[in-house]
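Taken in order, these protein sequences are the chains called A and B. The numbers in the first sequence follow my numbering, run straight up by one, and end at 218. The numbers in the second sequence follow my numbering, run straight up by one, and end at 504.
One or more of the hints may lead you astray.
As the list claims (entries may be wrong) - Beta-carbon label-pair distances, calculated as ranges:
| hint | chain 1 | residue 1 | chain 2 | residue 2 | range |
| --- | --- | --- | --- | --- | --- |
| 1 | B | S226 | A | L166 | 28 to 36 Å |
| 2 | A | R21 | B | E331 | 19 to 27 Å |
| 3 | B | R338 | A | P87 | 20 to 28 Å |
These aren't lab readings, by the way, just hints derived from the structure by calculation. Just so you know, these numbers come straight off a predicted model, no measurement behind them. In this text, a Cβ means the ideal position worked out from N, Cα and C, and glycines have one as well.
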Amino acid sequence: MRGLTAVRGTLTVDLAVPLWRTLPWRALAAAGALGLLVAGFPLVTGAEPAPWQTLMLLRGAALVGALGLAFLLDDPARHLTAPVPTPRLLRQALRVALVAPLAALWWTAVLLLTPVASRPPAGGVTLEALAVGALALAAAALAVRLTDEARPGPFVAAFLLFTAVLAPLLAPEDWALFVQADDPRWSVGHDRWAVLAAAVAVLGAGCGPEPSGRRRGR
Amino acid sequence: MTPTVSASGLGLSYGRTRALDDVSLRLTPGVTGLLGPNGAGKTTLLRVLATAVPADRGAFTVLGHDPGTSRGRQEVRRRLGYLPQTPGFHPDFTAFEFVDYVAILKELADRRERHREVRRVLAEVDLGDVRGRRIKKLSGGMRQRVALAAALVGDPGFLVLDEPTVGLDPEQRMRFRELIAGAGEGRTVLLSTHQTEDVAMLCHRVIVMAAGTVCFDGTPAELTARAAGRVWSSTEKDPGAKAGWRTGTGSFRNVGDPPPGAEPAEPTLEDGYLLALDDAGTEVAA
Chain A
1 MRGLTAVRGT LTVDLAVPLW RTLPWRALAA AGALGLLVAG FPLVTGAEPA PWQTLMLLRG
61 AALVGALGLA FLLDDPARHL TAPVPTPRLL RQALRVALVA PLAALWWTAV LLLTPVASRP
121 PAGGVTLEAL AVGALALAAA ALAVRLTDEA RPGPFVAAFL LFTAVLAPLL APEDWALFVQ
181 ADDPRWSVGH DRWAVLAAAV AVLGAGCGPE PSGRRRGR
Chain B
219 MTPTVSASGL GLSYGRTRAL DDVSLRLTPG VTGLLGPNGA GKTTLLRVLA TAVPADRGAF
279 TVLGHDPGTS RGRQEVRRRL GYLPQTPGFH PDFTAFEFVD YVAILKELAD RRERHREVRR
339 VLAEVDLGDV RGRRIKKLSG GMRQRVALAA ALVGDPGFLV LDEPTVGLDP EQRMRFRELI
399 AGAGEGRTVL LSTHQTEDVA MLCHRVIVMA AGTVCFDGTP AELTARAAGR VWSSTEKDPG
459 AKAGWRTGTG SFRNVGDPPP GAEPAEPTLE DGYLLALDDA GTEVAA
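Excised from the complex, chain A in its bound form (with noise of 0.2 Å):
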């Protein structure tokens, strides 16, 4: 059993390196480069925005980041690539755990650009972002579970954009997940944000197993 476990510790850091040159960089270099210059657009004009303003400007950066998440799991070699004994969720938990330490470099980064005076409470905009970031990946996982697609990343980009023009929209006011910093119930509603990071992260992570041989009538 130790020896199976290390062989597998082996081929994980095997894997790793032809991983990280499978990822869609130009999709999260792209992401990334606007992003910064969303957060940045205050520094870069000399505007003194409001608080409010600022919080639009670090959640259009959040969704900005998650949808070149919406990429990560896109594989143009998925059908050779299908059948093979490394499990699936294990390769997508790769690629994740690959991105993971740049995506919080790059998080850092816009937060550090929007101005002291009207910035948010880092903890409550980090948990917003976190939760759209994960959506992301899991909506990828998602489509990789239920199509064909080798590229699903365009699609579930769309989504994303989509589900954050609705979801103010059509959010009960009572959850209070896009209020302001200065609202009372700005803690609530990152209890929410919390759950919702929660939620969609173990249905991202229930999608990366391959299905049953057996679905009926055996």
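With the hints as your guide, set chain B onto chain A.
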């Protein structure tokens, strides 16, 4: 002989469409051809046997393992090579890097042995000299050979090839036939194709599918024999023929039930294939 693959009652539906309907078969070492028109269920059957999609109904084993269980599926995948219809590549990888990537996914853990194995399969498909070239710089035929090398890495006991010669020029197709024939020595190969010549030249056995079911399972000679006495020549296309076409000599070759006094012609595998489809109720008019 113990079959490599043994399947009974396999079924798979997409909505109301039955892509596979009660398919049973046994595959033994050697190359088995899988013929059928578009939409017959060939690719679906290959994907099910390759464990890329699960079947709705029925059961099968590959090399004694049941892919219906998680452990069994892992074991099958360790012994499987799969070349899909549209392989898809990471174009910036070299041929070596790509096959090595697949080898890692196939759990070839020892790096030195794995690299040796990757070099071996690339040499086997005649890509040893270009193994350091990026895939985006390779021709279509070369890319297809990279995909075959990826399927062959790890020396699988069961090889599933989905229309590997599509889009190749005649010379490349001949080369590919040689490679498949070589791959079929000592292992079980299931080859889906639209080319009856591929089957005639490579396969010890042929399965014909129509509308998700198996409508013929036998040797190529038996499939050809099915057309014995049911192929004839005429100066005009026979309206009673199931299929008929003008040949290079100007006469018509007809397949079906010949009229009295018809001039019989030598049947081919393709004639037998057309009649097998016709007997299964599939439109074959040519």
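A quick look at each hint next to the structure:
1. Taking the beta carbon of each, S226 (chain B) and L166 (chain A) are about 48 Å apart, not inside 28 to 36 Å as hinted.
2. The hinted range of 19 to 27 Å is satisfied by R21 (chain A) and E331 (chain B), whose Cβ atoms lie roughly 22 Å apart.
3. As the Cβ distance of R338 (chain B) to P87 (chain A) is approximately 27 Å, the hint placing it in 20 to 28 Å holds.
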